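Student: Sequence:
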Amino acid sequence: DYLIKPVNPNQILLVLKKNIHQREIVTEVTQTGYRQEFGRLGMQMNENLSADEWIELYKRLVYWELELSATDGAMNDMLRMQKEEANLNFAKFVKKNYEGWLNNPEHRPVLSTDVFKTQVFPRLRNGRKVFLLVLDNFRFDQWRMLSGELTEDFDIDEHLYYSILPTATQYARNAIFSGLMPAAIKEMYPDLWVDEEEDEGKNMQEEALIKSQLE
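Numbering (this note's numbering), first residue to last: 64 to 278.
Derived from the structure by calculation, the hints contain no laboratory data.
Fair warning: there could be bad hints in the mix.
Calculated cross-link-like contacts (lysine to aspartate or glutamate; reagent style EDC-like; alpha-carbon spacing at most 16 Å) [stated by the list, open to error]: (1) Lys80 - Glu91; (2) Lys122 - Glu100; (3) Lys81 - Glu91; (4) Lys80 - Glu100; (5) Lys146 - Asp177; (6) Lys122 - Glu221.
Remember, it's a predicted structure, so these values are computed and weren't measured experimentally.
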């Protein structure tokens, strides 16, 4: 900070307090903000949310998780319990809607099988160059930390999609590269499919799956 002369002792005291207690001030402001939103988030997650609304709720929970990560206190425990409740409600939401998503491709959120169709192919058709980078087991909160370091060099257009089930590599990751559900991969390309009980690596055929989808 800086002071302009003439300076009185009270000004010096205020500046010292502000800097010495900066962490406590930031903590208090952050915790007050989450305390005010806690009730709204709780009410929202118990409503009949759409797929897009669940995504927005998840973004808010991750936002507060990152904001509170530098603080200590009861708010962290409240957020942890709220995330657990959100996980339970989200699991019920997926269980209720998942079969319908599979049977009605036109009326569902973007799934693993749709990533190429919705994000890669439109750009290729428009003559744009595309570099696809897949980071496995990379959570959204981790991405948010990284993306903050990239904003000076890149324009970021952020979209979330829903993984197919199971979310394990053999299923969800191969569904991205093939554009197909696991049962369809096994039926159409039996030589590229590895059953669960086999010892062979489950993601050894990604290049061939991408090639088949591009063709």
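Student: Confirm or reject each hint.
Tutor: Here's how the hints hold up against the structure:
1. Lys80 - Glu91: Roughly 15 Å separates the two Cα atoms, so the pair holds.
2. Lys122 - Glu100: holds, 13 Å
3. Lys81 - Glu91: holds, 13 Å
4. Lys80 - Glu100: violated, 28 Å
5. Lys146 - Asp177: violated, 27 Å
6. Lys122 - Glu221: With a Cα-Cα distance of about 11 Å, the restraint between Lys122 and Glu221 holds, given a limit of 16 Å.
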